[in-house]
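Listed below, chain by chain, are the residues.
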Amino acid sequence: MNYKLTEKQQSDMEQAEDEATSVAATLPTRRQSFRGGIRMNLRGRSVRLRGLKRQPTGIWRWLAVLGPGLIAASAGNDAGGIATYSSTGAQYGYNLIWVMLVITVSLAIVQEMCARLGAATGRGLLDLIRERFGLGWASFAVGVILIANGGLIVSEFIGIGAAAELFGLNKYIVIPLAAATVWYLVVLGSYAQVEKIFLLMTLVFFAYPIAVFLAKPDWHAVLSGAVIPKIQRNPEYITLLVALIGTTITPYMQLFQQSSVVERGAARRHYGTERIDAYAGSIFSNLMSIFMIIATAATLHQVGQTEIASAADAARALEPVAGHSAGLIFGIGLFGASMLAAAVLPLATSYAISEAFGFAKGVNLDFRRARIFFGLFTGLILFGSILALIPNLPVIQLLVGVQVLNGALLPIILLFVLFLINDVNLTGELKNTRFYNFLGWGTFALVTGAVVLMFGTQILNVLGFDLFGKH
Amino acid sequence: MLISLSELLRFKIADARGQKVPLRDLASIISDDYPPITGLFWRQKKTRFFLSWEAVTAVDVTARQIVVRALNEGSSSSSCAQGEAFLKDEVLDALIIDLPNRRTTRANDLWLEVNDKNLVLRGVDTSGQAIFRRLLRGKVGTKPPPEFTDWKQIEFLRGDPHAAQDGAGYRRGITTLQPAEIAALSEALPYLHAAELLVLLPDPLAADVLEAMSDERELQVFEELAEEQRIRLLSLMAPDAAADLVAGLHPEETRRCLEQLPARQSERIIELLRYPEDSVGGAMTNDVVFAPVSLTIGEAREYLRERMKEPDFIHFIYVVADESSRVLRGVLSLRELLVSGAEVPLEQVMKKQVMTLEPLASAAAAAYQLLGSHLAALPVIAKDRRLLGAMTIDAAVALTAPNSWRSQAPRVFS
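Those protein sequences? They're chains A and B, same order as listed. Note that the numbering used here has the first sequence beginning at 1, numbered continuously upward. Note that the numbering used here has the second sequence beginning at 1001, numbered continuously upward.
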């Protein structure tokens, strides 16, 4: 194939500047019988061109942002999240709502930084860590992500088992079946179509905001819990605090936020909408979490039940809206959210790791061409489902424990994000401003402080010291 | 003898006076088939020093050191010469394109050949073994794998679309691939790398690659190019593809592009942009070949010789009343133009009963009509039978094929 310019093309390009008026003379003047597009003045002539669409403004712009944000918020609360928020509401009533407000700001800042990093570089987080900090740090980050996500995958299968039990089914049959289904749908089937069904199932979590209003909580106490920090000096409180942070600002969310911005094809020149998307997503997802805490506090904590031992206990928060069907409604949502995450987490983890190490990746590839990718995906599903089958698991404690683990690993990922977003060679004009750095490093300090305090008290307790004294 | 870069980076630089410093990096002219190492770097008291490879007297693999005349010949320098790259800081761990296997991967390690006192980059190790070798600091996998990728078959990218214009060296082996292959590779790359790839290509090839990319990637990459290159590529693209591309730009940028394009191309794009996206006009190409009905076959061949050099779609020749009114009278195929006698008038050869499309009709319905006709294209005419363009089989496939298949569908006219 000849890829040289023809003489005609060459002369066309050279003459382009001298021909500024010739086009205007030949533009058709007949009005077209269609609407849409925008009118623009070209070479002195006004023409209406299709396809040139203005960004939606006013209410349309907000609807465009809020719609996907709301759905993501209902689907984002997986088994671990539901367990942690329910435990928080049951154990501490409205007293930890203020923490959720602080975390919302932190989450919005962290998610926005990751979206910005994705738009500025077009690369995933592990990719950037590999390129900027080298193989050693990338392997360390991969290890952190594997542990954090591995724990979460276990928790998703535990969630599937718990949902099965709410329907009166045997979890020892449902969990292996779910694992095989997820594997089959992703590798051989059409997961994208089935995903919509799971997504639809999670919409039942909108029952939480309704339950809040039907349960008629003490709004004065809710407001007080939201604005007056009530810090308790006991290790359980600190651990639940870390779990709350861990489940809200999960390391995998940073990884996915950045990847989804890259996948959507957002470029640095059109970053504005991504920022609104990141903020809206964070606010909605945490609003839903706050509703879960209030609903549980108004139903369980109110009647003196402060311990949540099973999914059936957690489901009782929906009784004001669903009555005796609360378990069923809760089960549907839990199953949908857990199935969504049980497929997405191993898949995204395998993608990110394969990408960081340069291994062939993609579900459309032949197994022999992408052994490591498929091996990782299959291994993670097997790991999650087999651990979830261990008999007599303390389900809720384990789910909260995984969130604590995520919270403990979060500062490591945050540190990478903060270093990368401040690297002007990578981010250019999208580098962090001082204000963002203040909030970003503030979040890092907050999370690290909580984790250090948690481990500190536990180590001191083991050594026979009680940091907080008798309480 | 072959040695890995990760192993080499544990070597010391030693001079005749016994002074030793750890090797920090190597510089190389990476555009060569087997790039020679041109300099070495080390760090002392937070300053980076450079020494030309000419000062090297031996590479002693057994003693794990590179012997130089004198370390004090080195000068403080933190950058490479033009056309050179740092092997550790830039090439190692970078995204690369493995040309024979048509895939993007990472440079997990590099293999260099020691030949007397010379060092030459031979290839890239993309294996998992290379990762373990580096993590375990050379405790395993010190021998080169049986098949590491030869440097001649690698395209190394920096993720900076402006690097090529700033004089950075490239192998440009990517230019040997077909446009669709380059487009498929660019989909797997971050968008800045994809834009950089486009900068390396000659403009006509780059224009074909842009046309073969997915809509989102095409726009993303296009916006990263320098304005002069954008204009050059738009002027070389098929008008329908160019119209779809500029329709996605910010209105101000669309205006700027259309004003700078050669008048003929700009006119064609504006004409197409005036039709709704889902109409026949929005899907057609208006870069078609036509000839006045008054010509004979021989005259038509002469008339069309120059005109057929540019358009992608030359399968059908549309016969019009005259060049200015462009009222459609009939159609003949390229085969009929070539095999008919030179003296025969066009009017006798052409088909007069032509199936046509209206520009404001639904594009999807027209696509099925075209597929049903078993023709490669159908002409699009205005109410006064003026020839506006043609809807090709490519457009019909793009409109009717499922999303998953669309990107793999062959383009007939490009």
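Derived from the structure by calculation, the hints contain no laboratory data. All values reported here derive from a predicted model rather than from experimental measurement. Possibly wrong hints are sitting among the right ones.
[Said to hold, decoys possible] Coverage of chain B stretches by chain A, computed from C-beta distances (three or more under 8 Å per stretch; other residues unrestricted):
1. 1016 to 1023
2. 1131 to 1137
3. 1187 to 1193
4. 1210 to 1221
Even glycine gets a Cβ: it sits at the ideal position worked out from N, Cα and C.
- Quick one: which hint numbers does this structure break? Sort them smallest to largest. Violated: hint 1 alone.
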